[in-house]
Each structure stands twice: as C-alpha cells, then as structure tokens.
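Novice: The primary structure of each chain is shown beneath.
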Amino acid sequence: MSLSSLTLKRGAALGLAVSASLALAACGSSSPSKSSNPLSGSASKTVVIGSANFPENELLAEIYSLALSAKGVKVTDKFNIGSREVYYPEIKKGAVTIIPEYNGALLTTSVDTTSTAASTSAVDAALKADLPSTLEILNPSSAQDKDSVTVTQAYATAHHLTSIAQLKPLESSITFGGPPEFQTRTDGLIGLKKYYGLTFKKFEALDESGPITLAALVDGKVQAADVFTTTPQIITDHLVSLADPKNNFAAQNVLPLVYKPAMTSTIVSTLNAISAKLTTAALLQMDKAVILDHANYSTVAEGFLKAEGLPS
Amino acid sequence: MSFLQFAWDWLKSSSQWSGPDGIPIRVLQHLGYTALSVLIAAVIALPIGLLIGHYRRGGFAAVNVANVWRAIPTLGLLILMVVLLGFSALTWLIPLVVLAIPPILVNTYEGVAGVDEDLKDAARGMGMTQWQVLWKVELPVAIPLIMLGLRTSAIFVVATATIAAEIGLGGLGRYIIDGLASNNYGEVAGGAVVIVVLALAVQVIFVGLRRLVVPTGLREQARASR
Amino acid sequence: MEWSWIPQNWTAIWQYTLDNALLGLIPPVIGLLISVPAGIACVLWGWLYPPVLSLSSAIYALPSLALFVVLIDYTGLGNLTVIIPLALFSLCILIPTVVDGLRSVPDSVRQAATAMGFTQVRRLVQVELPLAVPVIIAGMRVAVVSSISLASVGQLIGVSSLGYFFIDGFQRDFPTEIYVGLALTIALALVCDLILVTLRAVLTPWSRGRQRDSSRAVAAVAVGTEA
Chain A
2 MSLSSLTLKR
12 GAALGLAVSA
22 SLALAACGSS
32 SPSKSSNPLS
42 GSASKTVVIG
52 SANFPENELL
62 AEIYSLALSA
72 KGVKVTDKFN
82 IGSREVYYPE
92 IKKGAVTIIP
102 EYNGALLTTS
112 VDTTSTAAST
122 SAVDAALKAD
132 LPSTLEILNP
142 SSAQDKDSVT
152 VTQAYATAHH
162 LTSIAQLKPL
172 ESSITFGGPP
182 EFQTRTDGLI
192 GLKKYYGLTF
202 KKFEALDESG
212 PITLAALVDG
222 KVQAADVFTT
232 TPQIITDHLV
242 SLADPKNNFA
252 AQNVLPLVYK
262 PAMTSTIVST
272 LNAISAKLTT
282 AALLQMDKAV
292 ILDHANYSTV
302 AEGFLKAEGL
312 PS
Chain B
98 MSFLQFAWDW
108 LKSSSQWSGP
118 DGIPIRVLQH
128 LGYTALSVLI
138 AAVIALPIGL
148 LIGHYRRGGF
158 AAVNVANVWR
168 AIPTLGLLIL
178 MVVLLGFSAL
188 TWLIPLVVLA
198 IPPILVNTYE
208 GVAGVDEDLK
218 DAARGMGMTQ
228 WQVLWKVELP
238 VAIPLIMLGL
248 RTSAIFVVAT
258 ATIAAEIGLG
268 GLGRYIIDGL
278 ASNNYGEVAG
288 GAVVIVVLAL
298 AVQVIFVGLR
308 RLVVPTGLRE
318 QARASR
Chain C
76 MEWSWIPQNW
86 TAIWQYTLDN
96 ALLGLIPPVI
106 GLLISVPAGI
116 ACVLWGWLYP
126 PVLSLSSAIY
136 ALPSLALFVV
146 LIDYTGLGNL
156 TVIIPLALFS
166 LCILIPTVVD
176 GLRSVPDSVR
186 QAATAMGFTQ
196 VRRLVQVELP
206 LAVPVIIAGM
216 RVAVVSSISL
226 ASVGQLIGVS
236 SLGYFFIDGF
246 QRDFPTEIYV
256 GLALTIALAL
266 VCDLILVTLR
276 AVLTPWSRGR
286 QRDSSRAVAA
296 VAVGTEA
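Protein chains in written order, with the working numbering: chain A, 2 to 313; chain B, 98 to 323; chain C, 76 to 302.
Everything labelled a hint here was simulated from the structure, so no lab data went into it.
Note that CB positions come from ideal geometry on N, CA and C, so glycine has one too.
Just so you know, not all the hints are guaranteed correct.
As the list claims (entries may be wrong) - Negatives, chain A to chain B, calculated, CB over 12 Å:
#1 Gln167
#2 Ile235
#3 Pro312
To be verified - Here are the computed lysine to any residue pairs in the SDA-like style, where the Cα-Cα straight-line distance is at most 20 Å:
#4 A:Lys289 / C:Asp248
#5 A:Lys289 / B:Ile122
#6 A:Lys203 / B:Gly119
#7 A:Lys93 / C:Asp248
#8 A:Lys289 / A:Ala308
#9 A:Lys94 / C:Leu146
#10 A:Lys247 / A:Ala308
#11 A:Lys202 / B:Leu306
#12 A:Lys222 / B:Ser112
#13 A:Lys261 / C:Leu146
#14 A:Lys247 / A:Ala263
#15 A:Lys203 / B:Leu182
#16 A:Lys194 / C:Tyr149
#17 A:Lys93 / A:Ala119
#18 A:Lys203 / B:Ile122
Unchecked claim - Stretches of chain A that chain C covers, calculated by requiring three or more beta carbons in the stretch to come under 8 Å of a beta carbon on chain C:
#19 76-82
#20 247-261
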C-alpha cells in the first residue's frame, strides 16, 4: 500500500469517526439540563423552560425548573433566549413550554397592543380573552417587576420630582435611556407621549435595565431611564422610580406563560403554588443576592423553595 | 418573505437614510471604528513583522501566537473591557485592535521572510547596509503580502465591529442589535446587507490601493506565474 | 476574582465548555467534507474558482449575529442555528485552502505522476491531495479556532456556549465569570490546535522535519488566498 493512500485511509477513518461522534453528541447536547432533548416545533414529552435574557427572569425560570424536577417532571432549560419579540413565537408553537412572564407587558407587547387594562385583574382578564389558543397564563403572583421612569436621587431632589407628570417642563433637556424596543412598545415612548404628553430631546438605546442603562443614568449620559422596579441597584445607586398615576405601565405581576397542550395537573399545581408565595419583597431580595452578591441562581432558587415549603 | 426581500423593503424606506440613526451616519461611525483600529494595529504590527521577517527569528512563534490570538472571543474581550474600563473610547478600541493585529503581523513576516535570498545577496553585494536591504529590497517585494494582510484585517474588523453595538456602541451593528430586540427582521437584514456592501467596498478600495502601491514589476510577475 | 466560584460551579462550567467545543468542532468538519470535493472541482475546472472565491469573500464578511438571527425562523433556537453559519464561514476558509494546497504541489511531482500513468482525477486524489494535507490542516486550525471563538456570539440568541459567562458576568457585574469564560475559550482553542498539529504529524510523517513549510502553510491560510 503506497504511503499516500495509507494517509488518505487513515485520514478518512479518523474523519469519519470524529464526525460521527460529534454528530451524535450534537444531537444530544443542550445547556445544563436535567435531561436532553433537541428542540422541536411540536409539543414533546420533555418540558422546555425558557427565560428572557436578564438575571431576574433566569432566576424565576430556575425556580420553576427546580420545583418541577422535584415533582418528577422531565425538564430541559433553555435560558437567555432573548427579548420577548424573539421567544414569543417560539412558545406559541411549543418549542418552549413554560416561560416566566409579566402580565402587563405580555398583554401590550404581544397580545393586544391597544389594550388599556391596568389593574392585575383587568390585565389577566384581557389576557385570558385574547391569548392565542395554544397559550395560557397560570395564576399571577403578587410580585411585580414593572418598567418605570427612573431618575437619580439627586435629579429628583433638584427638580422636586415624585411623578412622571412632573417631567413635562424638563422634557427638552432630557435624554431618555431604555432598551431598543422601548421606542416601539406601546408602553414605551409611545405611551409616555400619550399619557403625559412627553417628547424627550433624544432616546438612547441601552439595555434591559442592566449595567449599561444604570451606568448611563449614574454618569449623567441620560437624565431618565427605564429601570425595572426590582432592580437592586435602585437601592445601591440611589435611584428613584417616579410614580405613574396614569398607569402607563400596567400591572406587571410575575406569572407563568405556558403552552397549553403540554400542561398536566402536576405542572399547573406546582407553578401555582410557587406564584402564591412569590412577593415583590421576596423577588427583590433574591435579585439582590443574585445580581449584587453574585450568588448562584440555583442556590438562591433552592433557598426560596425550601423556605416556602415548596418542592425542591 | 426572503431575507433579501426584508432587506430591500427596509432599505427602500427613505427614513433610513436621514437623521442621527440614518445609514450614512452609521456607516461613517462604522468606518471610523474600523479605520482607527486597523491603523493602530498596523502601527504595532508592521514594525514587529518587518523585524522578525528580516532577521528570520521568531517567525514560527509569531505565526502560532497569531493563531492563538484569533482564539480570543471578541464578545468576551469587549465585555471585559467594559467591566474594567467603563464606557470609554478604549473599551471598543482595544478588542478591535487586538483582532486586527494577527493578519498584519503574519503577512508582514511572511512577506519579508519570503524574499528571495539571491535578491538580498545581490543587494548586500552592492554595498547596502541592513537597513537599506530592508527598506529598499525586502519591503517593496513584501508589499503585496502586506497589503493583503491590511485588507484581511480591515474586513475582519468591519464584520466584528458589529458586535460592539452589544455594549451600546453606534455603527452598523446597531441595526442588528436593535432589530433583534424588536423582532424587526427588516432592520437586521438591511443592516447585514449594508455591512456586506461596506466590506466589499473596503476590498475594492484595497485593490485600488494595491495598484498604486505595489511596484509594477511585481504585479506583472505575479500575473505571469498564475 | 472570586476563585471559590469555580469549584462551586464546576458542572455548569464543564457543560458550557463541552457545548462550546461542539459548536467549535462540528462546523469545520462539515466545512472540510464539503470543501475537499469543492476544492478539487475548482482545480479541475479552473474557471469555477474566481466566482467561488468572490462568493466566499462576500459570505465571510457577513456578521455572524445577523446570520444567526435570520436562521431562527427556519431552524429554531437550537444548535443548528449556530452550526450552519459557522460551517459556512469554515467553508470560506477551507475552499481556498484546499485549492492552494493542491496548487502548491511541485510541478515535478505532478509530472512524475502523470508519467507513471495517473489520470488527472486519480492524480489529484491519490497524489496531490495527500501532499496538500499540511496546508489543509493549517486551514482547519484557523477554521476551528475561529469557530470556537465565534460560537460565543451564539449566546446572544440563547444557544449555549462559554459566551454565557460573558453575558451573565456582564449583567451581574461579576468579572470572575468573564475571566473564566475567556480563559476557557482560549484554552479550548489551544487544545484543539494542538490536536490538529499532532494529527498533521501523524498523517504526514514525511514532512515532520520541515517546520518552515508548515508555518508558511499556516500563514498562507491565515491571511488570504492570493499569496
């Protein structure tokens, strides 16, 4: 056998072996999960728990995931998918089964952009009426994580601000910061103009109430920003969320959005039990632990479940 | 709707072409980031490449280091810079310069090291000093490869500067990040098309530059040996 | 830098490393499987090569993130959405590599083979291709290292990789995660690079002595195709 054909044969054999094992491995792999299953467009036996790409949502998803696993449900985690605009089509077709949601934002961004429902019960009723047939919401928790118009303590004191309405005389000197989609969301710039007549000097696309937004606010790059109300840096960075008397930002209770065909009574009762015990105070505490103290998502999630006597 | 259809619809709309978020401004921003990064990378990499190519030392090491360099994930480096430096010009500049260095370094080294020994002997025989050999013989012969390195580097940076938008920067990556966040595929597709066109334009510019800079004799030689 | 975080999260760290390795290795292998026949075709029918080259330059300039996002509609949120674009990029690196490798075989060897009775195709496959292996592996090194590094961008659409540590570390202002992510990505790339270098030594024992040739090969691939 000539040297060159030996090389070819060796190379080919190696190549086939490598490709085959890689292919097998790829089919089976996924993010840290209790079981693995490739994502499919139809409901599968494995429950896929998704999350948006910010820490609080990953934490909530982790809580759901741990509790459901403890109850014997096969779960796959698919966290940090992106913003609602990316993951909503995926859960609608069942590629994702459960995702922690905020009822108000869900309603106005993806279900009914014209809805003016503001209270928890009104928002939930509107959702129940208008969600596509494959989706449903389970019971809401009392925990709320709302968008807000937030300023620094110093700015609030200097201009005697307690509510969004008081921003009107200052609007031409305000650069407003928020996530990119704030420009097109109905409760974003559009809502602020509608309810408070506000047109800011400029909009800066930043992130989801994350480090970029907070830095911009603290550094004065923006004078007001969309900061979520359970952001722990509100405390440590001395920020103030302005009151929203016209309810531009509707109720934002944390609740599970689920793909109906995949629901079982175990899943529903477990998730409802979690929602019953989830309060804003508890959520803020957990957020502080995870974001500021760099605790593990799973450790904090487990701590919450155990403390509340939930399955873990 | 196909990718191109999305892109076309978005590009057609005149609002994309004016204002601070308009395509012309973003293109200029993007070009600015690219040009500055490649320039600084060239200032660093060209001298080093020339020296190690001339003395034929450390070439093996340089090539392998450049390969490892490519392993550094730009996204990670960008984020590290933000965490360490906050939001300053250096934050995006350092990762892009880091990305731009390997092609310039490797090409310069290869270009200079690959110069025919006979040529160098002849030059030394004519009484040229080391410096003169480098400057008058090796550099001109190496120019095609050096230009290729600069061109490759520029294209890498144009494509990668899009990620800088993830940390709040401007440039054409904004269309992709913002479009991604609001499920506006038109914006994503349109932004991508503009970036590709820009990258191709950069290629064309370099081809033109090559015509200007590469000695005619070399160009002819290259053509003949194809 | 909180060192204690590492042992506490070992399982997750290992899982993300494996995920990244997969996303970094599968695309170049796919690229290779396609580029060898494609490269041979480009050598047999020389007129094919210029358009193929232009096309691959254009594709290579596409930003990876844009490609990932466009594919979500077709391939969902799984690994495939990242693997396909990375495989495309690997192709853009490997086709020119294969062509250059084949063309770099000395004329004398080609002529000797023809004299011995090899037809053009047989000569390409049985003589020139094995001799081109060092250059091809050099190309694979570039493709693998690039894929491992680019895979982290996939995290922006939720496809698991070491990029998770960059994003999470960023959102929680937790540099330890970022350092770990960076170190592991580089380490992973180095290990794969080393494996490929070893592979070359195993497959082409005749070229072991000639270090300069292989570094030339890496350089030639690393920088473009006109050299």
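Novice: Take the hints in turn and mark each one as holding or not.
Specialist: Results of checking the hints against the structure:
1. Gln167: For Gln167 of chain A, whose nearest Cβ neighbour in chain B is about 28 Å away, the distance exceeds 12 Å, so it holds.
2. Ile235: holds, 20 Å
3. Pro312: The assertion about Pro312 of chain A holds, with a minimum of 35 Å to chain B.
4. A:Lys289 / C:Asp248: With Cα atoms ~12 Å apart, Lys289 of chain A and Asp248 of chain C stay inside 20 Å; holds.
5. A:Lys289 / B:Ile122: Roughly 40 Å separates the two Cα atoms, so the pair is violated.
6. A:Lys203 / B:Gly119: holds, 15 Å
7. A:Lys93 / C:Asp248: With a Cα-Cα distance of about 33 Å, the restraint between Lys93 of chain A and Asp248 of chain C is violated, given a limit of 20 Å.
8. A:Lys289 / A:Ala308: Holds - the C-alpha atoms of Ala308 of chain A and Lys289 of chain A are around 17 Å apart, at most 20 Å.
9. A:Lys94 / C:Leu146: This hinted pair holds, its Cα atoms lying about 16 Å apart.
10. A:Lys247 / A:Ala308: Given pair Lys247 of chain A, Ala308 of chain A is violated - Cα atoms ~37 Å apart, limit 20 Å.
11. A:Lys202 / B:Leu306: It is violated: about 43 Å lies between the C-alpha atoms, which goes past 20 Å.
12. A:Lys222 / B:Ser112: This hinted pair is violated, its Cα atoms lying about 26 Å apart.
13. A:Lys261 / C:Leu146: violated, 26 Å
14. A:Lys247 / A:Ala263: Given that 20 Å is the threshold and the Cα spacing comes to 38 Å, the pair is violated.
15. A:Lys203 / B:Leu182: Cα-Cα ~25 Å, so violated.
16. A:Lys194 / C:Tyr149: Measuring from Cα to Cα gives roughly 37 Å; hence the hint is violated.
17. A:Lys93 / A:Ala119: With Cα atoms ~24 Å apart, Lys93 of chain A and Ala119 of chain A exceed 20 Å; violated.
18. A:Lys203 / B:Ile122: holds, 16 Å
19. 76-82: holds (count 4)
20. 247-261: violated (count 0)
This entry does not satisfy hints 5, 7, 10, 11, 12, 13, 14, 15, 16, 17 and 20, going by the numbered hints stated previously.
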